[in-house]
Amino acid sequence: MLIRYKKAFEKIAMGLLSFMPNEKDLKKLQQTMKQYETEDNWQLFLWKEEDIVGLIGAFKTDSTLEVQHISVNPSHRHEGIGKSMVKHLREMHSELEVKPNSDTASFFEKCDEPELCSENREEQ
Numbered sequence: 409m410l411i412r413y414k415k416a417f418e419k420i421a422m423g424l425l426s427f428m429p430n431e432k433d434l435k436k437l438q439q440t441m442k443q444y445e446t447e448d449n450w451q452l453f454l455w456k457e458e459d460i461v462g463l464i465g466a467f468k469t470d471s472t473l474e475v476q477h478i479s480v481n482p483s484h485r486h487e488g489i490g491k492s493m494v495k496h497l498r499e500m501h502s503e504l505e506v507k508p509n510s511d512t513a514s515f516f517e518k519c520d521e522p523e524l525c526s527e528n529r530e531e532q
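Using the numbering used here, the first residue of the sequence shown is number 409, and each one after it goes up by one.
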């Protein structure tokens, strides 16, 4: 299930965010977290099963939600979690176009079919 980020999950979120190629540097990682915590148009969500295993963050405008970060714990990859996060984000913000930025575009392209990230999908 997709849940909104809370400060109590900061260390978990930072750990997941650090898997993003552009978030390896600690200072950059801290700046990114601060941005999500302080700016209303930057929204961060966590994917919770038994534990928190994924993260998706987006920048919101009047008409779009641009996915800035998407990360899944390596031991939970290839289970459809990333696609499920995109699907749930689209459902939560059905009035907006959910699209990738340059850092997340390759993930969006990996969807077997474009509609796979927006339609219901059985978990593997």
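A portion of the hints provided could be inaccurate.
To be verified - Each computed DSBU-like pair below joins lysine-lysine, with the alpha-carbon atoms no more than 35 Å apart: (1) LYS432 with LYS468; (2) LYS432 with LYS414; (3) LYS419 with LYS432; (4) LYS456 with LYS495.
Note that these hints are calculated values from the structure, not bench results.
Do the hints match the structure? See the list:
Between the alpha carbons of LYS432 and LYS468 the distance comes to roughly 24 Å, so the proposed pair stays at or under 35 Å and holds. Restraint check for LYS432 and LYS414: the C-alpha separation of about 22 Å stays at or below 35 Å, so the hint holds. Distance restraint check for LYS419 and LYS432: the Cα-Cα separation of roughly 14 Å lies within the 35 Å cut-off, and the hinted pair is therefore satisfied. At most 35 Å may separate the alpha-carbon atoms for a hinted pair to count; LYS456 and LYS495 meet this at roughly 15 Å.
Hint compliance for this structure: no hint is broken.
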